[in-house]
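**Student:** One-letter residues, chain by chain:
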Amino acid sequence: EDQVTQSPEALRLQEGESSSLNCSYTVSGLRGLFWYRQDPGKGPEFLFTLYSAGEEKEKERLKATLTKKESFLHITAPKPEDSATYLCAVPPQGGSEKLVFGKGTKLTVNP
Amino acid sequence: DTAVSQTPKYLVTQMGNDKSIKCEQNLGHDTMYWYKQDSKKFLKIMFSYNNKELIINETVPNRFSPKSPDKAHLNLHINSLELGDSAVYFCASSQRQGPRYFGPGTRLTVT
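In order, the protein sequences belong to chains U and Y. Each position in the first sequence, counted from 1, maps to that position plus 45 in my numbering. Each position in the second sequence, counted from 1, maps to that position plus 68 in my numbering.
Hint data in this document are derived by calculation from the structure and do not stem from the laboratory. What you are looking at is a predicted structure, and each value in this text was computed from that prediction instead of being measured. One should not assume that every hint holds.
[Stated by the list, open to error] Using 27 Å as the maximum straight-line C-alpha spacing, the simulated DSS-like pairs for lysine-lysine come out as follows:
1. U:K87 to Y:K108
2. U:K113 to Y:K112
3. Y:K77 to U:K87
4. Y:K87 to Y:K109
5. Y:K135 to U:K87
6. Y:K139 to Y:K120
7. U:K102 to Y:K77
8. Y:K139 to U:K151
9. Y:K112 to Y:K139
10. U:K87 to Y:K112
11. Y:K108 to Y:K77
12. Y:K90 to Y:K139
13. Y:K112 to U:K108
[What the hints assert, rightly or not] Over the 12 Å line for every Cβ pair with chain Y, so calculated as not near, a few chain U residues:
14. S52
15. H119
16. D127
17. N155
Yeah, the Cβ is synthetic: ideal placement off N, Cα and C, and Gly gets one too.
Turn these sequences into a full structure, and let the hints guide you.
**Tutor:** Shown next as structure tokens:
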């Protein structure tokens with residue numbers, strides 16, 4: 046059973062066009078939701094961890110939010126350098142050290 | 069300075085061979101991981117070590133054997149390579165919950 050679902054699979058934006066990526070999860074008793082960015086041919090880069098509903102974290106043009114069922118990664122006025130695959134991950138039911146990753150959203154920002 | 073390094077970056081080998089991938093981190097982290105990313109970009113944990121002790125061992129064929137000589141190094145040895153082992157293997161480290169720093173990856177191609 047998929048515990049993490051990301052949507053859309055791919056998103057194409059124009060530079061400056063704000064949007065949001067979604068990560069929904071099915072585990073109960075969430076012990077953290079993680080966001081990563083992955084550039085082609087590179088390892089994932091850690092962005093944020095959110096632990097409780099209502100929590101928000103920001104980094105440059107990115108803001109991550111968390112509810113009891115999903116997380117959003119809001120991208121404000123994106124630039125071409127924001128193009129990457131964004132991954133979210135959660136610890137599975139009953140486990141905290143390992144993470145179950147979603148399949149990612151591939152974001153392309155055109156100039 | 070590179071935080072998490074892996075060697076080799078590319079590995080092309082024939083079925084049935086035995087190969088190793090090496091990983092080193094200079095961050096002083098206690099926990100290290102091996103992740104596998106398949107052709108669909110799906111990232112799955114294989115192993116995790118904390119202070120040289122194995123703490124996560126996912127359902128991975130026993131042809132895969134991790135070894136941690138010290139907490140800065142985590143190597144992956146693969147015996148009798150199969151076509152399905154072709155993937156990108158990432159090493160990661162962390163001092164907190166979840167992998168925080170990933171290496172650049174080792175692209176393994178089995179022919």
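**Student:** Taking the hints in turn, state whether each one holds.
**Tutor:** Results of checking the hints against the structure:
{"no.": "1", "hint": "U:K87 to Y:K108", "verdict": "holds (15 Å)"}
{"no.": "2", "hint": "U:K113 to Y:K112", "verdict": "holds (24 Å)"}
{"no.": "3", "hint": "Y:K77 to U:K87", "verdict": "holds (11 Å)"}
{"no.": "4", "hint": "Y:K87 to Y:K109", "verdict": "holds (22 Å)"}
{"no.": "5", "hint": "Y:K135 to U:K87", "verdict": "holds (24 Å)"}
{"no.": "6", "hint": "Y:K139 to Y:K120", "verdict": "holds (5 Å)"}
{"no.": "7", "hint": "U:K102 to Y:K77", "verdict": "violated (33 Å)"}
{"no.": "8", "hint": "Y:K139 to U:K151", "verdict": "violated (34 Å)"}
{"no.": "9", "hint": "Y:K112 to Y:K139", "verdict": "holds (22 Å)"}
{"no.": "10", "hint": "U:K87 to Y:K112", "verdict": "holds (16 Å)"}
{"no.": "11", "hint": "Y:K108 to Y:K77", "verdict": "holds (19 Å)"}
{"no.": "12", "hint": "Y:K90 to Y:K139", "verdict": "holds (13 Å)"}
{"no.": "13", "hint": "Y:K112 to U:K108", "verdict": "holds (25 Å)"}
{"no.": "14", "hint": "S52", "verdict": "holds (15 Å)"}
{"no.": "15", "hint": "H119", "verdict": "holds (22 Å)"}
{"no.": "16", "hint": "D127", "verdict": "holds (18 Å)"}
{"no.": "17", "hint": "N155", "verdict": "holds (21 Å)"}
In this structure, the earlier hints numbered 7, 8 are contradicted, and the remaining ones agree with it.
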